Amino acid sequence: MKRNLWRDFINVVIIWAILIPIAQTFVFWSIDHLWPAVGSLQGEITKDALTFIYHVTVMVFILVTVPFVYAAIVHRVPLDDKQSAQIHTHAFSPFTFVWLGVSIMINTVVFVYPGMVGLEQLWNISADAKDPLVVDVTGQQWQWSFSYPKQGIMNSPVLEVPVDQPIKFIVKSDDVMHSFWVPIWGIKQALVPGMTRSIVITPTEEVTTDQNPLARVQCSWDCGLGHAQMRAVVKVVSDKEFKAWVASQSF
Amino acid sequence: MGIGVWEGWVKPSFGGEETWINKGVGRYFRFGTEAKATATRYTIFAIATFFIAGMLAMAIRIDLLSPHGMFFANKEQYNEAFSIHGTLMLLAVAALAILGGIGNFMLPPMIGARQVVYPKLMGISSWFVPPAVIAVAMSPMVGGYESGWMGFPPLSTLGGTGIIFYFMGGATLLLSSWAGAINFVATMVFMRAKGMTLSRVPMFVYGIASASVLLIIFVPYTASAFLFNLFDMVVGTQFYALKGGLTLAYQDMFWWLFHPEVYVFVLPAWALWLEIIVVFSRRSLFGRGWAAAGFVGIVAISGAVGVHHFFTQVGDVRLPIIMGLTEMVSVPTGFFYLAAIGTLWGGRIRLTSPMLLVLMSMVNFLIGGLTGVFNSDVPANLQIHNTFFVIGHFHYTILGGMLFTWIAALYYYFPKVTGRMVNEFWAKFHAWWFFIFFNFTFFGMYIVGIDGMNRRIATYLPYLQPMNEWISINAFLLGAGFLIPLVNLVYSYYRGPIASTNPWGGKTLEWQMPSPPPYENFPFGKDPVVVADFYNYEENAPDPVIWVESKQST
Chain A
0 MKRNLWRDFI NVVIIWAILI PIAQTFVFWS IDHLWPAVGS LQGEITKDAL
50 TFIYHVTVMV FILVTVPFVY AAIVHRVPLD DKQSAQIHTH AFSPFTFVWL
100 GVSIMINTVV FVYPGMVGLE QLWNISADAK DPLVVDVTGQ QWQWSFSYPK
150 QGIMNSPVLE VPVDQPIKFI VKSDDVMHSF WVPIWGIKQA LVPGMTRSIV
200 ITPTEEVTTD QNPLARVQCS WDCGLGHAQM RAVVKVVSDK EFKAWVASQS
250 F
Chain B
0 MGIGVWEGWV KPSFGGEETW INKGVGRYFR FGTEAKATAT RYTIFAIATF
50 FIAGMLAMAI RIDLLSPHGM FFANKEQYNE AFSIHGTLML LAVAALAILG
100 GIGNFMLPPM IGARQVVYPK LMGISSWFVP PAVIAVAMSP MVGGYESGWM
150 GFPPLSTLGG TGIIFYFMGG ATLLLSSWAG AINFVATMVF MRAKGMTLSR
200 VPMFVYGIAS ASVLLIIFVP YTASAFLFNL FDMVVGTQFY ALKGGLTLAY
250 QDMFWWLFHP EVYVFVLPAW ALWLEIIVVF SRRSLFGRGW AAAGFVGIVA
300 ISGAVGVHHF FTQVGDVRLP IIMGLTEMVS VPTGFFYLAA IGTLWGGRIR
350 LTSPMLLVLM SMVNFLIGGL TGVFNSDVPA NLQIHNTFFV IGHFHYTILG
400 GMLFTWIAAL YYYFPKVTGR MVNEFWAKFH AWWFFIFFNF TFFGMYIVGI
450 DGMNRRIATY LPYLQPMNEW ISINAFLLGA GFLIPLVNLV YSYYRGPIAS
500 TNPWGGKTLE WQMPSPPPYE NFPFGKDPVV VADFYNYEEN APDPVIWVES
550 KQST
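Chains as they are written, first to last, in numbering that gives the first Met the number 0: chain A, 0 to 250; chain B, 0 to 553.
Mixed in with the good hints there might be a few duds.
According to the in silico footprint, chain B covers these stretches of chain A (three or more CB under 8 Å from chain B) [to be verified]:
#1 19-28
#2 68-80
#3 146-157
#4 160-168
#5 173-182
#6 232-243
With a straight-line Cα cutoff of 30 Å, these simulated DSBU-like cross-link-like pairs (lysine-lysine) come out [as the list claims (entries may be wrong)]:
#7 K550/B with K506/B
#8 K74/B with K171/A
#9 K550/B with K234/A
#10 K506/B with K81/A
If you want a taste of the chain B side facing chain A, the calculated C-beta under 7 Å gives, among others [what the hints assert, rightly or not]:
#11 K10
#12 F70
#13 T311
#14 R317
#15 E326
#16 G345
#17 R347
#18 V362
#19 V372
#20 P378
#21 L381
#22 D450
If you're looking for bench data, these hints aren't it; they were derived computationally from the structure.
Computed from a prediction, not measured in an experiment: that's the story for all the values here.
Built from N, CA and C at the ideal position, the CB exists for glycine as well.
Pulled out of the complex, with its shape left as it was, chain A reads as follows (with noise of 0.2 Å):
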């Protein structure tokens, strides 16, 4: 018996076309109820690009996935089958040159959009900050201390900033490896001992530790015994709030 592989491969694409869809649907659901809060604008950037790429990995999930397992399904033959397979194309040239043009146009979407694209708006965040406020951050194993060298505040175990305008974080480590993460934040910095490392983040949302516990630093580079304790508590307050801790806080 002949087998029809057209009559498959339009099977395959109604399979397709029921699947991404629904699965697109649940991508997006999923983004909006599951997902976890956002506190930043370099986490926005860092959000869609996670955003971006799970709708395209899913995508070509379905679309790599479904012939397969199709085939595997549907010509399948009993274990002691003995013949050969009837249709011999050794290189059937428009499926591998499709194959070949679509990765490599992946490839290149995912590499300009939220690749580029992601880097070039972090990087131009980070050169628009005019005169941001400055924490010294210093990880050592296994505490967390935050200078603010203007308002002359030292060695705070706390990390209290204002909302809504740009922070830069100069990272410095006493010791070992560490990584300067806030995850409501969605983005981190690696500190490297010897040397110094800045990042700028714009928290975009009034939150503390105890309301959120995304809203934490935490040191996300094994560093040893105390590591998974190296947390410090995060305030995000407003301007108002952050000038009055300020001043309770200089002698």
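Using the hints, position chain B against chain A.
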């Protein structure tokens, strides 16, 4: 010296006669020169190491059932457990299982050879494994190490003294794969049968060749990084010292090998996909040239992409280049899916247990590869770097891609190696068990990573507990399931139904050996000559091999 050192090395070097014991059960426990005994030894070491490191994974998952940790006495033990788990799984299981176990056994017959070029080198490379595994596994007794399987200084040099065992064991395991790779390349170059041209060699040979080339080029960098760090600790050199040393240089030298190393794990596995798919769909291999281009492309690109582990450590204009190169890896990777799907489409597919595991492996690796796009994209990576998302990603590629294929290959070659069939029902039962709980476990890791759980933490915040409980319970079921193939393989070895010489109907040369194969692979007196394509499954296709009388060497 009852293990063969005296007979094989010491006596001949004083002018005595070289004698090897290559018969009986004894050959598995001695320094032998038989490729098949060495391969079996590698397989047994890999299975044993897999169970040791797997138990550590179970302990880690018990600990993470509670936000405060509920298994280990202290956080130091937790850190040691995940460090040893990673080291053993990657360096002693993933790197050696397919390459050492399946490769040493099947590569010589596949190219029509009776023996490898450097049998002594191969024999000793397998014996590097147990001391290294024992050293790493026993390291908590001498202080342990907490720096993960990467051993990054300065944490590694400040931490427990067990890190010395990690560096020595790691360098030894790398030396083992390096020696094995040299033997593979030499064998492929010098020992091919007549007519085994580049356009006719089976795909698995391409897989082993590309993995070996990567190992030969890149092992020296990381092995020397291990040794430099060891010198820092033992003799007081200052290569990676905290003050005045080069902290990031170790990371560079480490990823210089260990990013290509993941292709060392999966390239032979992808090659096995194509071998197994062709046999079980009885259809000529589709797009053979594209698959070969896939091997070449990945070998060419992989050396340059190690820097993509540095997106949060460095921040400069190199990032776009590395991001572009890393995403480009997906194009040659796609060629294997192209060849696999093209072959499956319209084939006469027999869903035996190896075939089922290969199809599952294709699904798993696709998820692993696609989540790699998240990691390779710089803005996305700045959020998910060092979270459980990364853990999910590499377990999908290595466990889902490479280990599924390894088990498929064990079932596939079992009849050839032992002359008996495995129990098909339990093999398929385990395949589904493995597939379901594997996905439940590791897909949960993506979610918990997005939710803000970073890796390598013994305790976490309570809001992450429900998801961690889900992962742990599925991980226990996944782990318990590995007793099924263990019992299946051991039982089938003694009681399985007798297999015919070529139970699956494969055309490549290893299926022309008797089962179990004799010492010289093929019967004496006849030599194989390759005259046609091994992957031609057309009706009335010519036999790819003819046998000619051996020339008498005397």
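| query | Which numbered hints are broken by the structure, listed smallest first? | reply | 1, 3, 4, 6, 9, 11, 12 and 14
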